[in-house]
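Asks: Sequence:
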Amino acid sequence: MMSTKNKNVFWDKKILYRAMIDSVLKLDPKMQVKNPVMLLVYISAIVTTLLSMIGVFGLKDTSAAYTAAIAAILWLTVLFANFAEAIAEGRGKAQADTLRAAKKEVPAQQIRTPEEKNNITTIASSMLKKGDFIIVNAGEIIPGDGEVIEGAASVDESAITGESAPVIREAGGDRSAVTGGTTVLSDWLVIQITSENGQSFLDKMIAMVEGAARKKTPNEIALQIFLVALSIIFILVTMSLYTYSVFTAKLQHTGNPISITTLVALLVCLAPTTIGALLSAIGIAGMSRLNQANVLAMSGRAIEAAGDVDILMLDKTGTITLGNRHASEFVPVDGISESELADAAQLSSLADETPEGRSIVVLAKEKYNLRGRSIENMEYIPFTAKTRMSGVNDKSTEIRKGAAESIKTYVEAAGGIYSKECDQTVQQIAKQGGTPLVVAKNHKILGVIFLKDIIKQGVREKFADMRKMGIKTIMITGDNPMTAAAIAAEAGVDDFLAEATPEGKLAMIREFQSKGHLVAMTGDGTNDAPALAQADVAVAMNTGTQAAKEAGNMVDLDSSPTKLIDIVRIGKQVLMTRGSLTTFSIANDLAKYFAIIPALFISIYPGLEMMNVMQLHSPQSAVLSAIIYNALIIVALIPLALKGVTYREVPAAALLSHNLLIYGLGGIITPFIFVKLIDMLLAMLGV
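Letter by letter, the sequence shown follows residues 1 to 687 in UniProt numbering.
Rather than coming from a laboratory, the hints here were simulated on the basis of the structure. A hint or two may mislead.
Pair ranges (Cβ atoms, derived) [claimed, not checked]:
(1) N118 x Q432: 48 to 56 Å
(2) N118 x D465: 27 to 35 Å
(3) I123 x R388: 43 to 51 Å
(4) R388 x H658: 46 to 54 Å
Simulated pairs of lysine to any residue, SDA-like, Cα-Cα distance not exceeding 25 Å [claimed, not checked]:
(5) K13 x L79
(6) K367 x L350
(7) K456 x K408
(8) K129 x R112
(9) K462 x L656
(10) K129 x Q546
(11) K386 x K365
(12) K456 x R648
(13) K34 x L350
(14) K444 x R388
(15) K386 x K367
(16) K431 x Q546
(17) K676 x A65
(18) K643 x G579
(19) K408 x E356
(20) K117 x K93
(21) K643 x N219
(22) K515 x P530
(23) K515 x A654
(24) K13 x V33
(25) K456 x L497
(26) K365 x I336
(27) K472 x S657
(28) K643 x I232
(29) K93 x P29
(30) K444 x K462
(31) K34 x V228
(32) K130 x S154
(33) K472 x K515
(34) K408 x R325
(35) K420 x E499
(36) K444 x K515
(37) K34 x L223
(38) K444 x G415
(39) K462 x Q428
(40) K30 x I46
All C-beta atoms in this analysis are idealised placements derived from N, C-alpha and C, irrespective of residue type, glycine included.
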């Protein structure tokens, strides 16, 4: 169950205990080699451990206690880095355990074809293959991922989404996909299996949330290459310092050169170990935050792209508007009374189960007390995409309601007149952002029903925040340009695509991408699949078709189109956290340079006294203080790596300035304070 509740689950006792065990298991060289920077610390810990062991036989590099202390602190540094990654993975493993509980062997009622519902063979769910047909009745668990071929039912998806409210799944349309492990609460469904055993959506979720399928993103790889390059530079610098100290010691006859133990400790302190230790945890935690938002990312690349997108393409219905248009007014024309229009509109809507149809019935009841009516003796004409109208027929009456152009064609084909007043009313409603439905009775225009789209509360402010970040928002709608323009203005989006078609969406995405933009969009239907496949961040609805889910690189388990905005925020927060901690780490290295180098070399190069601003107790205490700080800062920053830096809706340039000020300056000042405090503590203890 992937709920957004219990956000402090990272610090759950079970997760902490598991992370501690995993920290030790990750000492395996095969695991360490995956992180080159921490591999350097790992090798350094082995080298100093060997030096301390050799010291037992009298072959001392330096004080045995000092060498042993350095070795112990280096091993702690490696363990702390392992712990940071393990605690980040802990949330995913806890979620995976819950999902495994939902994934269980259940009996499946297999049928040969949808027509042969009575010819049932009961088999184990693990034996189902892609393309098989099954029937699932009320109270039964759906044994595998599939597409509803026939029927409609209420389904409990709490095992997957964490939400207890049941949802409707039905054949046809964009709410036909079902997930294995969910439960049918009412009626029955005929389902065609869409995945092989072991490759179900639940299997993919377990692999993703557990981290087994996580790959490093391009930005992570690029940053790691940069950190490796820095580490190599510091290795060369440390080797040069050792050569310099040997040469100077012999030249000035000052005694022994700087010990290998000290130089190894110096190398670890100067290498970017802080970000090296936390880099993986930042990426895993970002994916976990998406999981908490009930979004399954098929790759880390998708999260990273979400942080870089500058174009958001959002469906109007369900994202910008509440999704259900409601009748708000009856507008009669050509001298027809409003009550006569309401009477005909209600009759045409009594068998209409759409939210719009029900709202027409309710409005007529409330305004004209039209109740207790029936169309039992009438022929109901359902809405189709081809006719774009619906209505009723009886012996003497023929009522139709629908799109203006469709009703115009219908009336004029029968010799009727489509009046100018009706045309003007339709245009006026469209300009106000409404949807006009024209009503005709016996091929005579009665008037227009004003269907109003309700803009979701707060979306205008959200789009203003996006604009501050340099993100352009585009509303996608099937409405005509006039209606689309009115709703776009009310919602505060930057642009819109009216009368959207699959080809139009795809062309718009490609056009933006050709200009160097990164595009994010949502979709749930088969007709959205081409555009989803083309978009850089493609969020498919879990209720949507299999084609849409396969084309997307993220799946929203809550099927909420507004989730795209949250996904962009999480993606940007991951990038902000990585950038902030990288800045802090490099600034840290600069400060530690001033802490250690003067203390180590001041005896052989007195000119360094001017750089010895920290006045540490001794060269050995300077190294010990710095390396202790180096280990402890990793632990101190784990909460920030897991939670992420505070999200700020500002342009990239302002964000960069903020990070340089807070994390750059903080990274320089913090070591000066805490290395000095640790040094004072060591001096008090007589170390």
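Asks: Regarding R388 and H658, is the given constraint of 46 to 54 Å on their beta-carbon distance met?
Replies: For H658 against R388, whose Cβ atoms are near 52 Å apart, the range 46 to 54 Å holds.
Asks: Measure nothing beyond the straight line between the CA atoms of K30 and I46; if it is 25 Å or shorter, mark the hint as holding.
Replies: Measuring from Cα to Cα gives roughly 15 Å; hence the hint holds.
Asks: Do the alpha carbons of K643 and G579 lie within 25 Å of each other, as the hint requires?
Replies: Distance of about 14 Å is within 25 Å: holds.
Asks: Do the alpha carbons of K129 and R112 lie within 25 Å of each other, as the hint requires?
Replies: Holds, because 13 Å separates the two Cα atoms, which is no more than 25 Å.
Asks: Measure nothing beyond the straight line between the CA atoms of K456 and L497; if it is 25 Å or shorter, mark the hint as holding.
Replies: holds, 19 Å
Asks: Run the distance test for K367 versus L350: straight-line Cα separation, threshold 25 Å.
Replies: Distance of about 16 Å is within 25 Å: holds.
Asks: Regarding the pair K462 and L656, is the alpha-carbon distance no greater than 25 Å?
Replies: Distance of about 22 Å is within 25 Å: holds.
Asks: What's the verdict on K472 and S657, does the C-alpha distance respect the 25 Å limit or exceed it?
Replies: Holds. K472 to S657 sits at ~23 Å (cutoff 25 Å).
Asks: Does P29 sit within 25 Å of K93, going by the straight-line distance between their CA atoms?
Replies: OK: K93 and P29 at ~22 Å, within 25 Å.
Asks: Between N118 and D465, is the Cβ distance one that fits in 27 to 35 Å?
Replies: Given about 57 Å between the Cβ atoms, the range is violated.
Asks: Sort out whether L79 lies within 25 Å of K13, counting only the CA atoms.
Replies: Distance of about 18 Å is within 25 Å: holds.
Asks: Check the hint pairing K34 with V228 against an upper bound of 25 Å on the C-alpha distance.
Replies: holds, 12 Å
Consistency note: the structure conflicts with the earlier hints numbered 2, 7, 11, 13, 15, 16, 20, 24, 28, 30, 36 and 39.
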